[in-house]
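**Student:** Listed below, chain by chain, are the residues.
There are 2 protein chains.
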Amino acid sequence: MQFHHHGYVSGEPRIQDAAGTGIDRPAELPDEMDVLIVGSGPAGMLLAAQLSQFPDVVTRIIERRDGRLVLGQADGIQPRSVETFQAFGFAERIVAEAYNIAWMNFWGPDPENPGDIIRTARTEDYAFKISEFPHLIVNQARVLDYFAEAAEHGPGRIVPDYGVEFVGLTVHDEGEYPVEVRVRPSASSAAAGERTIRAKYVVGCDGARSGVRAAIGRKHVGGFSAHAWGVMDVLVNTDFPDWRVKCAINAKAGNILHIPREGGYLSRMYIDLGAVADDDDHRVRQTPIEEIIRRANEILHPYTLDVRQVAWHSVYEVGHRVTDKFDDVDPGEERAPRVFLTGDACHTHSAKAGQGMNVSMQDGFNLGWKLGHVLSGLAPASLLETYSAERQPVAQQLIDFDKQWSSLMARKPEEISDPQELATFYLGTAEFPSGFMTQYGPSEIVTDAAHQALAAGFPLGKRFKSVEVTRVCDGNVIHLGHHAKADGRWRLYAFADAPAAGEPSALSAWAEWMASPASPVARHTPAGADVDAVFDVKAIYQQSFQDVDISRVPRVFLPTSGPLGLTDWEKVYAAGPDAWRTVDIFEERELSRDGVVVVARPDQYVAAVLPLTATDELSAFFAGALVDQRDLASIGS
Amino acid sequence: MQFHHHGYVSGEPRIQDAAGTGIDRPAELPDEMDVLIVGSGPAGMLLAAQLSQFPDVVTRIIERRDGRLVLGQADGIQPRSVETFQAFGFAERIVAEAYNIAWMNFWGPDPENPGDIIRTARTEDYAFKISEFPHLIVNQARVLDYFAEAAEHGPGRIVPDYGVEFVGLTVHDEGEYPVEVRVRPSASSAAAGERTIRAKYVVGCDGARSGVRAAIGRKHVGGFSAHAWGVMDVLVNTDFPDWRVKCAINAKAGNILHIPREGGYLSRMYIDLGAVADDDDHRVRQTPIEEIIRRANEILHPYTLDVRQVAWHSVYEVGHRVTDKFDDVDPGEERAPRVFLTGDACHTHSAKAGQGMNVSMQDGFNLGWKLGHVLSGLAPASLLETYSAERQPVAQQLIDFDKQWSSLMARKPEEISDPQELATFYLGTAEFPSGFMTQYGPSEIVTDAAHQALAAGFPLGKRFKSVEVTRVCDGNVIHLGHHAKADGRWRLYAFADAPAAGEPSALSAWAEWMASPASPVARHTPAGADVDAVFDVKAIYQQSFQDVDISRVPRVFLPTSGPLGLTDWEKVYAAGPDAWRTVDIFEERELSRDGVVVVARPDQYVAAVLPLTATDELSAFFAGALVDQRDLASIGS
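Line by line, the protein sequences are chains V and C.
With my numbering, the residue at position 390 of the first sequence is 390, and numbering never jumps.
With my numbering, the residue at position 170 of the second sequence is 170, and numbering never jumps.
It is possible that part of the hints are untrue.
[Unchecked claim] Straight-line alpha carbon distances no greater than 20 Å define the calculated SDA-like cross-link-like pairs of lysine to any residue that follow:
id, chain 1, residue 1, chain 2, residue 2
1, C, K403, C, R321
2, C, K129, V, A579
3, V, K538, C, R195
4, V, K129, C, P577
5, V, K129, C, G263
[As the list claims (entries may be wrong)] Computed Cβ-Cβ distance ranges for the label pairs, DEER-style:
id, chain 1, residue 1, chain 2, residue 2, range
6, C, A191, V, G562, 35 to 43 Å
7, V, G562, C, A187, 36 to 44 Å
8, C, D306, V, E92, 28 to 36 Å
9, C, G562, V, G562, 29 to 37 Å
10, C, S561, V, G562, 52 to 60 Å
11, C, G565, V, T170, 55 to 63 Å
12, V, D116, C, E503, 17 to 25 Å
13, V, D306, C, D628, 30 to 38 Å
14, V, D306, C, A509, 27 to 35 Å
15, C, S561, V, V167, 35 to 43 Å
16, C, E503, V, H282, 48 to 56 Å
17, V, T582, C, R552, 50 to 58 Å
To be clear, the hints were calculated from the coordinates, so they are not data collected in a lab.
By construction, the Cβ of each residue, glycine as well, lies at the ideal position given by its N, Cα and C atoms.
Same shape as in the complex, but just chain V:
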């Protein structure tokens, strides 16, 4: 964690100084704003936390509820989400309070007494085989609390406008704030009366029954299956020995997906309520909790549940829907989008793969920096077209995966020939539910794979997968990727060729070019901003850290900035042998020993892999993605 950069900070370092629109931010929803976020769920709150890092942007987030979410809803947290929490600064805290999934067990009918269940398989959870982050279970309410804190403690000081309901919107062809939005106080609010506000951009994070989706005329395509599930969060005493283990239970009497929750006592159960008649007309949703508990006991036989408290429960039919496009621009229309959809507003599916909240957050992470860039003048508005293009295929993959998983989960025992099949499927597809299968295709923000071989372990379009290295300034072993905070900046990782720091080398030549007026730093950093305001440029040497003389490292990797002009010591790393570390990132990620530049986007996805000598290609990449600030300066003058 870096702080004291603008002078000594005595208190909580996680609270950044307010800046820009975060200074004296009005408590009341103003008439005009840059971004209006509709809904404070996982996508909306992540967006608020991200845009709080762009304090020149006026961001408001409206929420129909009168305050924070208290109960229920999602609870599955992929490793990719924990990685994202790390970027927002609260991973260690949420990990400490969450349930960590170490195992998933499978139960089926006892061949000798088919009315009883027995444990048929144990599988280690995939998380730590895939990344350094765990697979957690913690209530959505707590995830939102942490993002709310990040939004409020960021320079933009963003807090939700509670008790405000979205009514409708109209996108006009012109004007600085072309989106006209009608809002009204929620039913529970003391205030009354509809009002009209205007925004440059609106993001619909308003859930499966999204009003924003309806307002822009997007279609939610798909339907409900004829299968209903009860879900309950309960405190119980039980003789079921796996109460604290994630389990898929497949009994003659039906199926249960059993998910232990944070705190050591609570668990969530998804309980099979069976097929729904064609003429049911959603009457199944009225199933009382007593019936759900009775079904659970029936399925768990010979074990029993003695329910002491029901924290939350619900009944739903599995639906699978994807919206036809995630923004308001129709095919063939020639303009940048003004309205976006995220999360359940554009993809809904079963809860049982534990994906929804995670994919929603990644929607927000994908869109947040793009809005921040465009509204700060760093990138052209066309950047916003990549949001729907990148995220819609991810939603489709999710639906496809979830259909397969939820139908496997709903089978009757007699439909199962291989009792290990579910376990095999679970492990075989682990990268997907971890959140690491997402790969964005080539665009102005992801290059083609011409030089991929120089860094085979950093696939273009996938998220930058961290490895431990040694920080040269202090000899601490740290995860290279964990320095990539969600601060809206681009990361340039310059992996050095073989010569030592200060010796003539491809890295030295690259560093010299990076310090020149031709470099992306010079072209795309706004006048007057700190040299590291847009680009975070790091060097990773092949030597051991003792053999990197920091005095001889090019200054571009030791920039000075801030009001005190202080040197940042934490951008120089070493990959060679270290008593405290066993991996070498060059080997682990198959990096060329002739050096390679890896560019990561502000949302941590790999954007470019280039030789150190390919300065023209690096320039061209950023020229395609970002605005040339020198042009702006000459227009302004």
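Given chain V, put chain C in place with the hints provided.
**Tutor:** Quick look at chain C alone, frame taken from chain V:
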């Protein structure tokens, strides 16, 4: 982290329910209280956090300042202190913001240019060789913030009474509140006028010039050396390559102890100001900051410091003093103590071994549970005599170590024959500055070593050193010792003999006895309290966790408690092979394969090591340490 035990908790689980005196705690300092803590430094704030776990005890903490500490003072954090933070629930947060010491480097005169310094040695820091916790640097103000949060979020809801100054006290021979204390508003306070309050016990945590120490007539024995040091927390730019590494610099021009601080930019320097003349009369303390910076530059030559901001600075002469006794009972006097001294109030020394704050906190940890026990009726008042008996020898060891270290640090280069000597001393004595050398002698709360051989790796009187095990209920690998929160409870670790759970075994017999009216649980748990209110009883099996059938584990290890009567699943562990773990606690701590019971005190020190069959000895131990609640019940009836 365990919660939801009394029903579903939606918000921050680190905030416990208020209870007892924590419900509607008066904002104003009352006339009478059980414990009055004087001073809100590290010892005082830890005491407040600990006593917040005893909400039946009325605890107040007065502080002369008007609010939280803002600047300066201690910053070195031993691994033992981080272990203590873990017990108080904030280790992961403070680790995330602190500077982690990975290396200590040594600098001396360049033989070829003796006016220049060169690096002479690098040593890996000892922390991770000694425990799973790091060696940190973070400002005392932040440590106090976290303890303040723990005190306020505990059931007792303790917050300091700021702006109140201690004037004096008198210990009377009788009365329920025998300590009469005079206090007055601080000079800066708007209020005026001295008042008298009364307490059962008073703890002086009021620093080197302790008024409490003076009031009970204790002598602070020792003196100042004739050597002065300047200390400064500074933000600089520099070409000194080890700005971010802890260094001992021994130059012809003098010595520097250099300590990087949290946040990546700030460092602290202790700068040798040389010998002080006999007639100096503390005039050296007026040395201006410019002179300190000039000296630093002189010592660092050929490197230079460009100081951009001085966050804090001070000048001091090294003093070494220990108070003759840490409570108010004179030798030969036959009564339990009423007044205690902690921290700098009873031991002062140089800052440079980074010990002061750490030893002070352990003073508080040692005393806190004892006060809680006595005032809750769990233990006789004589328990309080063990505080001075246990902590005074620790203070003396600290002074002896620090004298040696600080004189080594103050030598001139020509006094040093072996340039590696300082490095060798540093590593050779690592267990002491880690905080793990403390070993309390036999007393009513530490047994003799008759059965030590059954658990050689848990030395009696030393703190319980954690090892990873697998939690049976969910297959998570966790640190056994990290479950030992600072909740004022005794831990009984029953390491099983070889038979599996449910089979006839020494453990099964012990468990049966523990569930009987003869057990310490039955004798020493107050009537009406939860079965685990005083004793946290855990089992550790030799098998792999898959081979421990939790259904067959004795119920004493799966207690039910709280208003919902919920089962605690998290007291049963397995030590056998596990894909996620490499150590076996039986091997790592040399535990008898015939089983052994290890008792740890509420402050985590090993109190007893006994065979599973030695139930009489276990009974006798607790009969000597705790009050028999059945006697109280019969008196009451």
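**Student:** Against this structure, judge whether each hint is valid.
**Tutor:** Right, here's what the structure says about each hint:
At roughly 11 Å between alpha-carbon atoms, C:K403 and C:R321 fall within 20 Å of each other, so this suggested pair holds. A threshold of 20 Å between alpha carbons decides the hint, and for C:K129 with V:A579 the separation of about 11 Å falls inside it, so the pair holds. For the given pair, V:K538 sits about 61 Å from C:R195 by alpha-carbon distance, which is inconsistent with the 20 Å threshold. Simply put, V:K129 and C:P577 have alpha-carbon atoms about 18 Å apart, close enough for the 20 Å limit, and the pair holds.
Only pairs whose Cα atoms come within 20 Å are accepted, and V:K129 paired with C:G263 is rejected, the gap being roughly 32 Å. The hinted window of 35 to 43 Å between C:A191 and V:G562 holds, with their beta carbons roughly 42 Å apart. Range check, V:G562 to C:A187: Cβ separation about 37 Å, and the 36 to 44 Å hint holds. Judged by the Cβ atoms, the range 28 to 36 Å given for C:D306 and V:E92 holds: they are separated by roughly 35 Å.
For C:G562 paired with V:G562, a C-beta distance near 51 Å fails the hint of 29 to 37 Å. Roughly 53 Å separates the CB atoms of C:S561 and V:G562, a value that falls within the hinted 52 to 60 Å. Between C:G565 and V:T170 the Cβ separation comes to about 58 Å, which falls inside the hinted range of 55 to 63 Å. Separated by about 24 Å at the C-beta atoms, V:D116 and C:E503 satisfy the suggested range of 17 to 25 Å.
Our hint of 30 to 38 Å for V:D306 and C:D628 holds, since their Cβ atoms are close to 35 Å apart. Between V:D306 and C:A509 the beta carbon distance is about 29 Å. The supplied range of 27 to 35 Å therefore holds. The given range of 35 to 43 Å is broken by C:S561 and V:V167, whose C-beta atoms sit roughly 50 Å from each other. Restraint check, C:E503 to V:H282: a C-beta distance of roughly 53 Å satisfies the suggested window 48 to 56 Å.
For V:T582 and C:R552, the hinted distance range of 50 to 58 Å is not satisfied, since their beta carbons lie about 40 Å from each other.
The earlier numbered hints that this structure contradicts are 3, 5, 9, 15, 17.
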